[in-house]
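Residue numbers (full-length UniProt numbering), protein chains in the order written: chain A, 1 to 200; chain B, 1 to 200.
It is possible that some hints are incorrect.
Intra- or inter-copy, both count: the list cannot distinguish identical chains.
Once the Cα atoms are required to be at most 16 Å apart in a straight line, the calculated EDC-like pairs of lysine to aspartate or glutamate come out as [unchecked claim]:
no., residue 1, residue 2
1, Lys36, Asp58
2, Lys37, Asp58
3, Lys198, Asp92
4, Lys36, Asp92
5, Lys103, Asp76
6, Lys37, Asp122
7, Lys36, Asp14
8, Lys103, Asp77
9, Lys103, Glu83
10, Lys37, Glu136
11, Lys37, Glu181
12, Lys37, Asp183
13, Lys36, Asp187
The hints are simulated quantities; they were obtained by calculation from the structure and are not laboratory data.
Number of protein chains: 2
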Amino acid sequence: MADDAPREIEALIDLMARLPGLGPRSARRAVLTLLKKRGQLMAPLAQAMANVALTARDCVVCGNIGTSDRCAICTDDRRATGEICVVENVADLWAMERAGAFKGRYHVLGGTLSALDGIGPDELRIPALTRRIADEGITEVILALNATVDGQTTAHYIADSLSGSGTSITSLAQGVPIGGELDYLDDGTIGAALRARKRF
Amino acid sequence: MADDAPREIEALIDLMARLPGLGPRSARRAVLTLLKKRGQLMAPLAQAMANVALTARDCVVCGNIGTSDRCAICTDDRRATGEICVVENVADLWAMERAGAFKGRYHVLGGTLSALDGIGPDELRIPALTRRIADEGITEVILALNATVDGQTTAHYIADSLSGSGTSITSLAQGVPIGGELDYLDDGTIGAALRARKRF
Chain A
1 MADDAPREIE ALIDLMARLP GLGPRSARRA VLTLLKKRGQ LMAPLAQAMA
51 NVALTARDCV VCGNIGTSDR CAICTDDRRA TGEICVVENV ADLWAMERAG
101 AFKGRYHVLG GTLSALDGIG PDELRIPALT RRIADEGITE VILALNATVD
151 GQTTAHYIAD SLSGSGTSIT SLAQGVPIGG ELDYLDDGTI GAALRARKRF
Chain B
1 MADDAPREIE ALIDLMARLP GLGPRSARRA VLTLLKKRGQ LMAPLAQAMA
51 NVALTARDCV VCGNIGTSDR CAICTDDRRA TGEICVVENV ADLWAMERAG
101 AFKGRYHVLG GTLSALDGIG PDELRIPALT RRIADEGITE VILALNATVD
151 GQTTAHYIAD SLSGSGTSIT SLAQGVPIGG ELDYLDDGTI GAALRARKRF
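Just chain A, same shape as in the assembly:
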């Protein structure tokens, strides 16, 4: 990248360009906006970012991100339902929370199994999940992994390894999404929805 702006500003553009969804050009545009709004936006954003960088930490229990060793969900007594929802990452946990449909606690794996990338069960907080099931009296493990090959491989691995634990293991239903039109759905989804059809 040509450096035409002052060095400090170029350094900021380079860092911004490393964010997903921003390239060198859009990072420059974002920084120009920040420069125009130094007081209203740039200073508060820098402050908020420094604050989060300083306070954010991974929950030692479930792997969620919070501001203390145990996250807000793990310390919320109203959520102890004996159910654990297993998700791939924090983004998926937030998506589940947005839906507001699950009232138990979570377990964030931190990714999916991948022989290619050398990611085995020990890299994924799967041993921690096994321990929690024994320690917390969990009666149901809901596998909310993505409906991708990697996600489903990981789900099968976890289901296998927990088969002797006496815990009920379920997974999210697959089918036509709400508002979905058959004409726009992929064949796999239509097939899954047909196989899982229920009485009307």
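Put chain B on the given structure of chain A with help from the hints.
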């Protein structure tokens, strides 16, 4: 926006979402990346941003952004050529600098004239331009405004108001861009290129 993440993180997402090119969803994704790379990316980015927010200031001479009252271009003796290149904003100045074709100094208007938005000459640093032309012994003013209606209206206004100053007033040539294919060019550009045709 639903608040599923801790409050500090939601505040950060909300601020990030105010950047151009980022919506609520991509801001969340960017923050998740930052959270994953707290040490390598988030802390340095917060630091760089705080640094720029603190040090950046508008050049009192030309309106460029720098780290002192007079920007690096205005204080560079090698660039005093008696030419001033007038641009709409700092992004355009950076684009000119990337091209590396201009060796004089700049004047950043800070926008274009707009009766609709109540932006007149006094809002645009045009009086400052008039003063500079008298004070700095400027012999040529190059109007490098965007080839938009607003840009060209502003260019005409500046050319009119400087007509008595004895300074040569030029503007960027319009024509086929380098690498441009006629088939993909708009009619206006082809017309301008034809009118400005030159002997081969």
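Now the hints, each set against the structure:
1. In this assembly of identical chains, lysine 36 and aspartate 58 lie within 16 Å of each other by CA distance solely across copies; the values are 10 Å between and 35 Å within a copy.
2. Taking the shortest alpha-carbon separations for lysine 37 and aspartate 58, only the inter-copy value of 12 Å comes in at or below 16 Å, while the best intra-copy value is 32 Å.
3. Taking identical chains as interchangeable, the C-alpha atoms of lysine 198 and aspartate 92 are never at most 16 Å apart, the minima being 27 Å within one chain and 61 Å between chains.
4. Taking the closest pair of Cα atoms, lysine 36 and aspartate 92 come within 16 Å of each other only across two copies (14 Å); inside a single copy the shortest separation is 35 Å, beyond that limit.
5. Proximity of lysine 103 to aspartate 76 under the C-alpha cut-off of 16 Å is restricted to the intra-copy arrangement: shortest distance 10 Å within a copy versus 64 Å between copies.
6. With identical chains, the CA atoms of lysine 37 and aspartate 122 are never at most 16 Å apart, being 46 Å at best within one copy and 21 Å at best between copies.
7. Taking identical chains as interchangeable, the C-alpha atoms of lysine 36 and aspartate 14 are never at most 16 Å apart, the minima being 18 Å within one chain and 18 Å between chains.
8. Only within a single protomer do lysine 103 and aspartate 77 lie at most 16 Å apart by alpha-carbon distance; the minimum there is 11 Å, versus 67 Å between protomers.
9. Taking the shortest Cα distances, lysine 103 and glutamate 83 sit within 16 Å of each other inside one copy (8 Å), while across copies they are farther apart (68 Å).
10. Proximity of lysine 37 and glutamate 136 under a CA criterion of 16 Å is satisfied in neither setting, with 49 Å inside one chain copy and 31 Å between copies.
11. When the C-alpha separation of lysine 37 and glutamate 181 is checked against a cutoff of 16 Å, the pair qualifies neither within a copy, at 43 Å, nor between copies, at 39 Å.
12. Taking identical chains as interchangeable, the C-alpha atoms of lysine 37 and aspartate 183 are never at most 16 Å apart, the minima being 46 Å within one chain and 40 Å between chains.
13. Proximity of lysine 36 and aspartate 187 under a CA criterion of 16 Å is satisfied in neither setting, with 49 Å inside one chain copy and 35 Å between copies.
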